[in-house]
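Visitor: Given chain A, put chain B in place with the hints provided.
Here is what each chain is made of, one letter per residue.
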Amino acid sequence: MLEAIGLKSAEELFDSIPQDLLLKRPLNTPAALSEIELLNRFERMGGRNAGARRPSFLGGGAYSHYIPTIVDHIISRSEFFTAYTPYQPEISQGTLQTIFEFQTLVCQLTGMEVANASMYDGSTALAEAVLMAERVTRRSKVIASTSVHPQYLEVVQTYVQHAGIDLEVVPFDAQTGQSSAALANAIDDHTAALVVQSPNFFGCVEDLSALADAAHEKGALLVVAITEAMSLGLLKSPGACGADIVVAEGQSFGVPLSFGGPYVGLFATREKYARQIPGRLVGEAYDKNGRRGFVLTLATREQHIRREKATSNICTNEGLIALAATVYLETMGRRGIQEAAHQCLQKAAYAARLIASLEGFSLPFSGPRFNEFVVRGPLDAAELLSRLGKVKGIEGGIPLWRFFSDRPNDFLVCVTEINSRDEIDALVEGLSEVSNW
Amino acid sequence: MTDGITKVTSHTSPNEQLIFERSQQGRIGYRLPALDVEASPLDDLLPQEFQRDDDLEGMPEVSEVDVIRHFVRISTWNYSIDIGMYPLGSCTMKYNSRLNERVARIAEFANVHPLTAEHDAQGALQVIYELEQHLAEITGLPGVSLQPAAGAHGEMTGIMIIRAFLDARDGAAASGRRTMLIPDSAHGTNPASAHLSGFSVKTIRSTSEGLTDLDHLRELCSHGDVAGLMLTNPNTLGLFERNIKQICDIVHEARGLVYMDGANMNALVGIARPGDMGVDVIHLNLHKTFSTPHGGGGPGSGPCCCTSELEPFLPVPRIVKTDWTVGEPTFKLEYDRPKSIGRVKAFFGNYGMMLRALAYILTHGNDGLREATEAAVLNARYIANGLTSDYDKPFNSPPMHEVVFTDKRQSRKGVHTLDIAKRLIDYGFHPMTIYFPLIVQGAMLIEPTESVGRQELDQFIAAMRSIANEALEDPELVRNAPHSTRIGRLDEAAAARKPVLRWKP
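First to last, the sequence lines map onto chains A and B. Residue 236 in my numbering sits at position 206 of the first sequence; the count goes up by one each step and never skips. Residue 475 in my numbering sits at position 484 of the second sequence; the count goes up by one each step and never skips.
Chain A extracted, bound-state conformation:
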């Protein structure tokens, strides 16, 4: 082939690179491994993830739910996972129709009117929602409750730091674990958006209808974030409560934990704001013979057309993970989502009841909850949970001191439909035992 293009050596392919810039040595990365060696190596490293093999009660933005077998089967099809962004609709209808169904499902679950083709994850979707609220209202103040996932707030802070947006965080109510009355009082005529999460970081359900009223009274938008999307199977939808923008982490819908990613951000809003949405949108279209198909649409919002005036810089999103969520939601269907959500609620209530009855343990927050709750133990939570892991082989929860240094004994427990009663009972007994050392 070199000969066919008139070259003598592979080096000549790089003649346009000045000599002094060429790397004149082999890369200092390892020599090639065979398939067997590679798998051994990763299996060995995987063996150092003790946490992955234990019964787990970890939530806090990433959840263990049952994943029907067909989800991985479908997303492993060549036609889906080795395709590119559907820029050529005639040979991308599989991807485009999937996204259209995904957008519809997101609207149905959130109670909103339009949804996009996905964002990177829940945290960046929230940041984009805040930027959109500023565009829509032309106001620059954003108020958020500290009961929003702390990492989500960090991401929002990073995104808004150069956008002329002032992010004000208001402490949550230490009795209920919900956002405080001070939150609504902080809204004024300069407020673009009120940002809350429900169920919030502590697992407490927020009174979204009241918060929507408070925001709308001052002409601000209510932005609702959801990390545990399974809650939508049971809780009144944010749309029905009056939310203006709803973002969610879609990982609960058929996506493995995978140490935090790739996940999928859901983004939904009111129809009147459709042209302010960040990211890709798929819409219905027809060919000249009247056959229905789907295309990427309203592209004039996007970076490849509008450049610095685009609604966002996002290009690649989470296509394949959106497909996983779509397959999951269609397989579980209307009744499956309801049943899974119901089981989460009941099992978490069961676990909370038993843990609260242990000597030295209490539940510090009184707000209504879905499948997560904060527990206050008799000793340092990190120490308690470390003992539980070592001795009982259970991942019992997330110590809150990582996020709230004034809560050394508090930890967050999450229970889902995959936690059997036996596992829950073992957790309760284990906590009792290791706290009495």
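Hints are computed from structural coordinates only; laboratory data are not their basis. Don't take each hint at face value.
[Said to hold, decoys possible] Calculated cross-link-like contacts (lysine-lysine; reagent style DSS-like; alpha-carbon spacing at most 25 Å):
| id | chain 1 | residue 1 | chain 2 | residue 2 |
| --- | --- | --- | --- | --- |
| 1 | A | Lys422 | B | Lys399 |
| 2 | A | Lys318 | B | Lys384 |
| 3 | A | Lys171 | A | Lys302 |
| 4 | B | Lys404 | A | Lys318 |
| 5 | B | Lys193 | B | Lys236 |
| 6 | A | Lys248 | A | Lys302 |
| 7 | A | Lys302 | B | Lys330 |
| 8 | A | Lys420 | B | Lys323 |
| 9 | B | Lys495 | A | Lys302 |
| 10 | B | Lys384 | B | Lys404 |
| 11 | B | Lys399 | B | Lys384 |
| 12 | A | Lys171 | A | Lys339 |
[Unchecked claim] Derived CB-CB ranges, DEER-like:
| id | chain 1 | residue 1 | chain 2 | residue 2 | range |
| --- | --- | --- | --- | --- | --- |
| 13 | B | Glu483 | A | His220 | 35 to 41 Å |
| 14 | A | Gly194 | B | Lys330 | 51 to 57 Å |
| 15 | A | Lys248 | B | Gly215 | 39 to 45 Å |
| 16 | A | Lys248 | B | Ser388 | 57 to 63 Å |
| 17 | A | Gly194 | B | Ser54 | 48 to 54 Å |
| 18 | A | Gly249 | B | Arg22 | 37 to 43 Å |
| 19 | A | Ser170 | B | Asp206 | 37 to 43 Å |
| 20 | B | Arg22 | A | His220 | 48 to 54 Å |
| 21 | B | Glu447 | A | Arg71 | 29 to 35 Å |
| 22 | B | Asp314 | A | Lys248 | 53 to 59 Å |
| 23 | A | Gly249 | B | Pro320 | 53 to 59 Å |
Glycine residues also receive a C-beta, built at the ideal position from the N, C-alpha and C atoms.
Guide: Just chain B now, kept in the frame of chain A:
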């Protein structure tokens, strides 16, 4: 000339509906174990006003086989790399190894929770650490963060790092330094990312050779307001910016920094390193250069690599190796980096993509990484050579990993780039990138990658030459393409005028 080309794309299952249109009340495709704890009355657990009251109306009710058939049918309407060559310029559609998929599905990685205590997730942290080390070596830039979720996210991270560095270096005086220079051939994400970081954009002209105009660069750098330059190298015309060192010097003398868009890094791996060229910060696309699957539009992963001077500004947390004496190394997360731009994503980034990229690096080995680069460039050269007799090539310089042609000759017959692209579908190929870069009228940007052999390259060239011939002899045939797909060209203008963005009963 068309010997060996078969016009094949035909879709076997043309009539699949939306899942909502297949839904039938009472159908179920799942089974959960029965609830094994005593159920409390719902109202006792959750106040009624917080309960959903729409019964999830409209959500599908289908069986498992309904779902399987639904997705398998619509999947046949997609083109994919596994079917054939996908020569999208600047998108780097290379083969996605099944082995990498298997690695990402190893249970101990797939099931590890991101908030697991560090000592119970050492393997997960080790993967991040090792991949960072390899990317540092490949780019020649020692500070690496894998947190950004895609290329544009990595760009934003890189530009925010530049901003934070300038603000720390110049204090209040930095407020006068808010101009980001971007060549007119750049990807649209560049200006959008610069805008997100609070910069205004000035555009640098390209020369008739397709390279950055140094005189224009000097002029733009002479006003004292330049924060930096965002440069793609090789640029989006597939040309190596051979003055890169000088370009970096000019920007550095103006006290700005150089950001390199690493979308085309697959032309350089093992051959040359941005860090050696004077570049300060770069993003990589693991889903391009390191072959993690594009998945129909993501997930990606957009690591950000920078000089040691910029390293303190990278997103938190950082993954560090601790001192150890016996056994395996240990890793921990560090949050206390006061100069950091902050967090750009929850948790650690698109971790599953990191596993795949590390597997790619380890299975290729250092030799294999270089060979992949050579093959990618060789293939692009071969196409450049094969098409020059039939298509207009706006720049003479030999291309690196991708080559741009135009429809100049064909448009005289009323056949345009879009038509050529659509006609290519009838020949069984995915079209190239079209109308990008914007500075080339009727651009067709072709990137074969290393994942095609000579036979397929010859077929592609034959198909393109056949289309050129058709454009002369039967332009209508080309203008009405594709002829072999389930649907024809869709009316995108009508779709945007009255958007229908969801199904309704």
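Visitor: Hint by hint, say whether it matches the structure.
Guide: Outcome of the hint check:
Our distance criterion of 25 Å between C-alpha atoms is broken by A:Lys422 and B:Lys399, whose separation comes to about 72 Å. For a cut-off of 25 Å, the pair hint linking A:Lys318 to B:Lys384 is broken: about 33 Å separates their Cα positions. Of the supplied pair hints, the one linking A:Lys171 and A:Lys302 holds, its CA atoms being roughly 22 Å apart against a limit of 25 Å. At most 25 Å may separate the alpha-carbon atoms for a hinted pair to count; B:Lys404 and A:Lys318 meet this at roughly 23 Å.
Under the criterion of a C-alpha separation no larger than 25 Å, the hint pairing B:Lys193 with B:Lys236 is consistent with the structure, at around 21 Å. Taking the CA atoms of A:Lys248 and A:Lys302, the gap is about 19 Å. The hint holds against a cut of 25 Å. Under the criterion of a C-alpha separation no larger than 25 Å, the hint pairing A:Lys302 with B:Lys330 is inconsistent with the structure, at around 40 Å. Among the hinted pairs, A:Lys420 with B:Lys323 is consistent with the structure: their alpha-carbon atoms are about 19 Å apart, no more than 25 Å.
Among the hinted pairs, B:Lys495 with A:Lys302 is consistent with the structure: their alpha-carbon atoms are about 17 Å apart, no more than 25 Å. Distance check on the hinted pair: B:Lys384 and B:Lys404 sit about 18 Å apart at the alpha-carbon level, within 25 Å; holds. A distance of roughly 9 Å separates the Cα atoms of B:Lys399 and B:Lys384; the hinted pair therefore holds under the 25 Å criterion. For a cut-off of 25 Å, the pair hint linking A:Lys171 to A:Lys339 stands: about 21 Å separates their Cα positions.
A beta carbon spacing of about 39 Å between B:Glu483 and A:His220 agrees with the range 35 to 41 Å that was offered as a hint. A beta carbon spacing of about 22 Å between A:Gly194 and B:Lys330 contradicts the range 51 to 57 Å that was offered as a hint. Taking 39 to 45 Å as the suggested C-beta distance range, the pair A:Lys248 and B:Gly215 conforms, at roughly 42 Å. Between A:Lys248 and B:Ser388 the Cβ separation comes to about 59 Å, which falls inside the hinted range of 57 to 63 Å.
Between A:Gly194 and B:Ser54 the beta carbon distance is about 52 Å. The supplied range of 48 to 54 Å therefore holds. Range check, A:Gly249 to B:Arg22: about 48 Å between beta-carbon atoms, so the 37 to 43 Å window is missed. For the hinted restraint 37 to 43 Å between A:Ser170 and B:Asp206, the CB-CB distance of approximately 40 Å keeps it satisfied. Judged by the Cβ atoms, the range 48 to 54 Å given for B:Arg22 and A:His220 holds: they are separated by roughly 52 Å.
Checked against the hint of 29 to 35 Å, the C-beta distance between B:Glu447 and A:Arg71 comes to roughly 33 Å, which is consistent with it. At roughly 55 Å, the beta carbons of B:Asp314 and A:Lys248 sit within the given window of 53 to 59 Å. About 55 Å separates the C-beta atoms of A:Gly249 and B:Pro320, a value consistent with the hinted range of 53 to 59 Å.
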